[in-house]
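Asks: Which chain is which? The protein sequence lines are A and B, in order. Okay, so the first sequence: first residue is 1 according to our numbering, each after it adds one. Okay, so the second sequence: first residue is 349 according to our numbering, each after it adds one.
Keep in mind that the hints were calculated from the coordinates and are not lab data. Among the hints, erroneous ones may be present.
[As the list claims (entries may be wrong)] With a straight-line cut-off of 25 Å between C-alpha atoms, the simulated DSS-like cross-links for lysine-lysine are:
#, chain 1, residue 1, chain 2, residue 2
1, A, Lys237, A, Lys307
2, A, Lys307, B, Lys489
3, A, Lys307, A, Lys333
4, B, Lys611, A, Lys109
5, A, Lys210, A, Lys173
6, A, Lys257, A, Lys333
7, A, Lys78, B, Lys489
8, A, Lys333, A, Lys237
[Unchecked claim] Partner residues are not named here, just some residues of chain A that face chain B (Cβ under 10 Å, in silico):
#, residue
9, Thr205
10, Val281
11, Thr299
Even for Gly, the Cβ is constructed at its ideal location relative to N, Cα and C.
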Amino acid sequence: MSEHSNGSADVVPAAGAQGGLEQQFPDPGLPAHVHRRTDIDTAAARRAERTVARLFLLSIAGTALFVVAWFLFPVNGKLSNVATSRLLMGIGLGLALFCIGIGAVYWAKKLMPDVEVVEDRHPIASTPEEREGALAVLREGGEATGFGRRKMIWASLSGALGALALPAIIPLKDLWIRDPQAKQPAALLSTTMWTGGTRIVKDPTLEPVKATDIELGAVVHVLPEGIDKVEDPLDEKAKSAVLLIRLEPSEVGPAPKGQEDWSYNGIYAYSKICTHMGCPVALYEQQTHNLLCPCHQSTFDVTQHCKVVFGPAARPLPQLAITVDADGYLVAKQGFTEPVGPSFWERG
Amino acid sequence: MSSHSARRRSPLATSAVILLALLVTGALYAVLSPRSEAAAGVKGQNDPIAAGRELFLANCSTCHGLNAQGSSDGPSLVGVGAAAVDFQVGTGRMPAYTSDAPQIPKGRVVFSQNEIDQLAAYIASLGPGPSVPTQDQYATKDLSAEQIAEGGELFRTNCAMCHNFNGSGGALTHGKYAPSLVGVQPKYIYEAMLTGPQSMPVFGSTLSQQEKQQIIGYLGTLHSQPNYGGLALGTIGPVSEGLFMWIVGIGALIGCAVWLGAKAS
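Based on the provided sequences and hints, a complete structural model is requested.
Replies: Okay, here's the thing in structure tokens:
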């Protein structure tokens with residue numbers, strides 16, 4: 001049953017099959033060879049030849065375009081030429097390579113022989129003598145190294161290879177040995193630079209903000225004073241960025257318990273770090289008072305103390321309690337009372 | 349007599365009479381109809397507030413109320429200042445023909461600058477508000493390269509989240525959007541920062557006059573630079589670029605693969 005009947009059409013019906021499937025189908029063999037138009041029609045073959053030649057000529061034109069663009073739009077000293085020169089050179093080189101490619105494929109498809117060819121398989125194993133010879137060479141080489149006898153080399157090589165594993169393992173040590181001096185990640189994520197009395201300064205000019213400078217409908221992007229002095233200002237900015245928004249007090253809903261005096265004269269300060277993934281929430285729509293995160297469209301309603309009204313954020317943006325100092329500049333009344341930004345393992 | 353003339357009448361006469369009547373009516377209407385803007389703008393040249401009030405009553409009061417106190421269709425204009433009028437009317441956002449759209453788009457400017465000034469004078473007379481900036485307030489030619497670079501920093505902190513890193517604009521909620529800043533006149537950028545039109549917050553005193561100039565200068569520099577990357581695809585970031593590569597780029601690759609695998613005929 002397993003032998004191949006090459007192209008024969010005999011069918012062996014299933015023994016005792018009662019209207020079931022046949023157990024063997026006829027081998028359809030190779031389909032009859034269909035001649036291409038270029039095989040039959042010499043005019044078509046000549047046309048195909050011309051097409052291939054045209055494609056190759058087009059490739060030459062592309063190369064020429066590249067060369068011409070190189071000389072016509074020199075880049076040194078003239079930055080304004082960069083766009084044109086690179087565009088034309090790219091088109092030229094692309095055309096040159098692409099046309100050679102499709103020309104070659106077209107040539108092969110239309111003009112080169114397309115008759116089906118059957119190649120028989122041959123055993124791929126070498127003769128026993130050749131295999132024996134190869135093994136003999138290996139044995140001779142092994143004996144020449146003296147690997148079994150020279151214990152010192154064997155031991156030191158094993159040691160060298162074993163030591164090479166260390167560079168792969170050492171970096172994993174942070175998983176279980178922590179620097180006792182370093183702050184724990186949870187502590188780093190839970191605290192910011194803001195404390196009671198920290199002056200509020202504008203991003204990026206770092207000027208202090210007077211409460212009287214903020215008009216109704218204004219938004220100011222602010223940072224804690226002294227952020228440029230800390231060791232890593234960007235790390236700190238990623239936690240401490242705050243948005244000041246001035247609203248008509250009558251438009252704002254009742255404050256959560258204990259936060260009634262966290263705003264100053266209609267100026268509210270909210271963390272700019274999204275509670276979803278930590279993007280800067282800064283798209284403020286003045287009329288709807290919606291604050292929008294550009295990353296995943298979490299939307300916070302400022303009039304409802306940054307309650308999430310749309311999107312994947314889980315918590316309102318933390319509010320920073322603010323007041324003014326003796327000179328009328330805005331300062332933080334206290335630090336954030338909850339960690340800013342997205343959830344983390346220890347946040348609970 | 350009547351029967352005689354009836355016989356003489358050509359069948360086309362009725363149509364000709366109707367056509368003539370229509371033409372005459374149309375011409376008369378064109379001549380006599382009250383052309384709101386022009387008619388009101390001409391008289392009272394020497395009192396811009398009175399002229400502005402005429403213009404306001406004819407064109408704006410339907411939505412903003414007879415005394416600009418606002419209605420359910422339009423906000424109060426008391427205290428918005430001349431700058432707001434110059435921005436809204438000068439960019440063709442006002443007069444708006446619907447208050448149903450999520451946002452009033454910029455459109456064809458229907459008033460002359462003289463009429464806009466009259467309207468602005470009237471609105472400014474209703475309550476204190478920002479006045480139209482003068483040329484030297486938004487001029488950027490004296491800015492140094494460093495100041496323009498600082499303007500870039502200010503732009504990225506205060507504006508880029510809505511207007512995009514290139515000022516190409518971007519989407520907000522419920523069909524609202526931050527418009528593109530490409531090609532917007534410096535005066536209107538300045539006025540927008542001053543007044544905070546529509547969804548935009550107010551940057552009147554939180555950005556100083558020089559900071560506003562720096563931002564305008566930065567935008568001018570940004571938009572006059574040649575595009576070294578070739579096809580910018582609107583400079584709206586990965587969406588258009590990704591779409592282009594997925595559809596055009598990968599589409600071309602699939603086309604090539606299909607052609608390579610097809611049997612020659």
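Asks: Please write out, lowest number first, the hints stated earlier that are contradicted by the structure.
Replies: Violated hints: 2, 5; rest satisfied.
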